[in-house]
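Number of protein chains: 2
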Amino acid sequence: MTAPAPSEKAFVPFVSVENMMHLVHHIGIERVLTELTDVIEADFRRWPLFDKTPRVASHSREGVIELMPTSDGAIYSFKYVNGHPKNMAQGLQTVTAFGLLAEVETGYPVLLTEMTLLTALRTAATSAMAARHLAPKGATTMAMIGNGAQAEFQALAMKAVLGITHLRLFDIDRRATDKTMRNLAKSGLHLAACDTAQSAIEGAQIITTCTADKQNATILSDNMVGAGVHINAIGGDCPGKTELHRDILKRAETFVEFPPQTRIEGEIQQMPADYPVTELWQVLTGDAPGRRDAGQITLFDSVGFAIEDFSALRYVREKVRGTPFFQPVDLIADPDDPRDLFGMLQRAKD
Amino acid sequence: MTAPAPSEKAFVPFVSVENMMHLVHHIGIERVLTELTDVIEADFRRWPLFDKTPRVASHSREGVIELMPTSDGAIYSFKYVNGHPKNMAQGLQTVTAFGLLAEVETGYPVLLTEMTLLTALRTAATSAMAARHLAPKGATTMAMIGNGAQAEFQALAMKAVLGITHLRLFDIDRRATDKTMRNLAKSGLHLAACDTAQSAIEGAQIITTCTADKQNATILSDNMVGAGVHINAIGGDCPGKTELHRDILKRAETFVEFPPQTRIEGEIQQMPADYPVTELWQVLTGDAPGRRDAGQITLFDSVGFAIEDFSALRYVREKVRGTPFFQPVDLIADPDDPRDLFGMLQRAKD
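Chains as they are written, first to last, in the working numbering: chain A, 1 to 350; chain B, 1 to 350.
These aren't lab readings, by the way, just hints derived from the structure by calculation.
A few of these clues could be false.
Stated by the list, open to error - In silico SDA-like pairs for lysine to any residue, Cα to Cα no more than 20 angstroms straight-line:
1) B:Lys52 - B:Glu62
2) B:Lys52 - A:Pro54
3) B:Lys86 - B:Gln215
4) B:Lys319 - B:Lys137
5) A:Lys349 - B:Lys186
6) A:Lys186 - B:Lys349
7) B:Lys319 - A:Ala348
8) B:Lys9 - A:Pro54
9) A:Lys9 - B:Arg182
10) B:Lys319 - B:Ile75
11) A:Lys250 - A:Ile297
12) B:Lys349 - A:Ala185
13) B:Lys9 - B:Pro328
14) A:Lys250 - A:Val277
15) A:Lys137 - A:Glu202
16) A:Lys86 - B:Thr106
17) B:Lys52 - A:Thr53
18) A:Lys52 - A:Pro259
19) A:Lys9 - A:Arg317
20) B:Lys137 - B:Asp293
21) B:Lys349 - A:Ser187
22) A:Lys349 - B:Arg314
23) B:Lys52 - B:Arg314
24) A:Lys52 - B:His59
25) B:Lys9 - A:Ala89
26) B:Lys9 - B:Glu318
27) A:Lys250 - A:Pro276
28) A:Lys349 - A:Asp336
29) B:Lys349 - A:Gly28
30) A:Lys349 - B:Gly188
31) A:Lys349 - B:Glu30
32) A:Lys250 - A:Gln296
33) A:Lys9 - B:Glu41
34) A:Lys186 - B:Ile27
35) A:Lys86 - A:Thr53
36) A:Lys9 - A:Glu105
37) A:Lys349 - B:Lys319
38) A:Lys250 - A:Asn223
On a predicted model such as this, the values are computed, not experimentally measured, just so you know.
Pulled out of the complex, with its shape left as it was, chain A reads as follows:
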């Protein structure tokens, strides 16, 4: 019972979690974050070209499973991603993901990869891209409120892309802060563990909020946010999950990825439907202003969008070429005669 060897076309390069880790170390994590920031920015600049379907969500009491497809007309991508806040209590990841690239012309997949790590990397790179255009010039200090799975990636992206040198950490669970301190001990960043959110934001030009509780929380209240800061709001990313007091939104100039999605999932779900927002891609193309003055509060209301995954997938596809960091898997049948699927099956028996 030996099957004939599948044809070349049947094999799809698969990047496992282990190979993704090897690939990241092979390139260097800060270089990955910098290059990803540039790849995402390049795709944001051609934003109107993309198919922008809202994500397809399957909600349950415990969480959500989402499919996030997009296409630029030549390449199609989708990501499978779950969000299950209660997973952590069982020792499971809140968010896991994998993704696929395919050729639009043939529909044949060309890359299958883990995306739990890749999503953390692309989320951090997207934050860095936004901050590059919105944060006050010469920013050196970031406050990081919420020190969970995303924290180190956010910190290193802001270091690599913006030149952040000081990081001030706060989490309601001190063990999370300790974990982040340990992981970043050799990063070259000056680290400060803080006892309160208020203390963490002292002197920070950039405030990143990245907490996991699925509720309308107030991680930042209005009186905590001074003039001129840039807020990078990561955690408010689904209905019923926000981090900022709405009074902050009234004072801030808000930048978003895809307004129809952000109005449902982002911090601005707290605001009326006509709350003004600027689409981030228009800042990158020069069609809309970014930061206008030193006193302005800028807010990147990040929820994550399919185009960022598309960019991350095409980056990985390019980078794994010629490396040993993938395995070919026969994911799709490709008989010699396309009409003879049954013959292929039958020959596997002989």
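Dock chain B against the given chain A, drawing on the hints supplied.
Using the frame of chain A, we list chain B on its own:
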């Protein structure tokens, strides 16, 4: 640079094309088709329980890439499937597919598998399930018009589930018919290669149409279809692609999977929005009549629905257990401490 071994939870059983072929031969193809028919019928009987999202299609000039998700509240599934009629000219499959099962409670994937073969199997099993309830009693002869990749699967399912003994084949390309004759030579079916569609349907109680051209074609015209037959229309399955003359639809009682999808994709796209249809699941539960009399023309206007893939995926999940016909792949990251994704990455370097 050795990564720590990923945890058990990080591994997802993956069934490659080669392993799917081995699994099918291990069980026996006719038994697979029979069991799949029963599994699909069991899920159709609990139809109201399922999330029924329309498929998410990304159309291009060359074809379509679709994601087909569904869930019964405990298990979530989706299928990736393309449809590219021009692929065949390049030696590629018109339809390729893969799919995934995940636990709703955690969002963690529990099965990744090829679905090109599995889709052919479930499509044939769904046809057999419909015919079991709609075809005239004691049917022995099936006409098969269109002898492409699906033909043998359809024939064997009708043999295994309904006891069809005679198969009459026609295709505009005689080589396709010859291929099907060769592949079914040892099947135990009496085979007849016919020169015209008209000749193929002589004496057939079941007519299966399964052609691939993306156009509004007339594979069957009204005068060809006699009283009492069951038509199993497989090929008309996307906008602009039909096989039957609309006059047949006026005479037939039409049964469909999910009306909102079939009205766009099926044969009935030719008919007004109020053209009456019966939902197949209601026939299975006894909520709607199936075949009422011997003279009636019944039509299963098959387009393929996500619940059939769900059934096929859960069947494969159950059947691969304890066999060597899968490989564990580390598709999703699962660090020991779920908040310490970065630590997992860092330890892979040490």
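Structure-based check of all given hints:
no.: 1; hint: B:Lys52 - B:Glu62; result: violated, 27 angstroms
no.: 2; hint: B:Lys52 - A:Pro54; result: holds, 17 angstroms
no.: 3; hint: B:Lys86 - B:Gln215; result: holds, 12 angstroms
no.: 4; hint: B:Lys319 - B:Lys137; result: violated, 32 angstroms
no.: 5; hint: A:Lys349 - B:Lys186; result: holds, 14 angstroms
no.: 6; hint: A:Lys186 - B:Lys349; result: holds, 14 angstroms
no.: 7; hint: B:Lys319 - A:Ala348; result: holds, 19 angstroms
no.: 8; hint: B:Lys9 - A:Pro54; result: violated, 30 angstroms
no.: 9; hint: A:Lys9 - B:Arg182; result: violated, 25 angstroms
no.: 10; hint: B:Lys319 - B:Ile75; result: holds, 17 angstroms
no.: 11; hint: A:Lys250 - A:Ile297; result: holds, 10 angstroms
no.: 12; hint: B:Lys349 - A:Ala185; result: holds, 15 angstroms
no.: 13; hint: B:Lys9 - B:Pro328; result: holds, 10 angstroms
no.: 14; hint: A:Lys250 - A:Val277; result: holds, 11 angstroms
no.: 15; hint: A:Lys137 - A:Glu202; result: holds, 18 angstroms
no.: 16; hint: A:Lys86 - B:Thr106; result: holds, 8 angstroms
no.: 17; hint: B:Lys52 - A:Thr53; result: holds, 18 angstroms
no.: 18; hint: A:Lys52 - A:Pro259; result: holds, 11 angstroms
no.: 19; hint: A:Lys9 - A:Arg317; result: holds, 16 angstroms
no.: 20; hint: B:Lys137 - B:Asp293; result: holds, 10 angstroms
no.: 21; hint: B:Lys349 - A:Ser187; result: holds, 14 angstroms
no.: 22; hint: A:Lys349 - B:Arg314; result: violated, 24 angstroms
no.: 23; hint: B:Lys52 - B:Arg314; result: holds, 17 angstroms
no.: 24; hint: A:Lys52 - B:His59; result: holds, 13 angstroms
no.: 25; hint: B:Lys9 - A:Ala89; result: holds, 15 angstroms
no.: 26; hint: B:Lys9 - B:Glu318; result: holds, 18 angstroms
no.: 27; hint: A:Lys250 - A:Pro276; result: holds, 10 angstroms
no.: 28; hint: A:Lys349 - A:Asp336; result: holds, 16 angstroms
no.: 29; hint: B:Lys349 - A:Gly28; result: holds, 10 angstroms
no.: 30; hint: A:Lys349 - B:Gly188; result: holds, 18 angstroms
no.: 31; hint: A:Lys349 - B:Glu30; result: holds, 14 angstroms
no.: 32; hint: A:Lys250 - A:Gln296; result: holds, 12 angstroms
no.: 33; hint: A:Lys9 - B:Glu41; result: violated, 34 angstroms
no.: 34; hint: A:Lys186 - B:Ile27; result: violated, 56 angstroms
no.: 35; hint: A:Lys86 - A:Thr53; result: violated, 28 angstroms
no.: 36; hint: A:Lys9 - A:Glu105; result: holds, 14 angstroms
no.: 37; hint: A:Lys349 - B:Lys319; result: holds, 18 angstroms
no.: 38; hint: A:Lys250 - A:Asn223; result: holds, 13 angstroms
The structure shown violates the earlier hints numbered 1, 4, 8, 9, 22, 33, 34 and 35.
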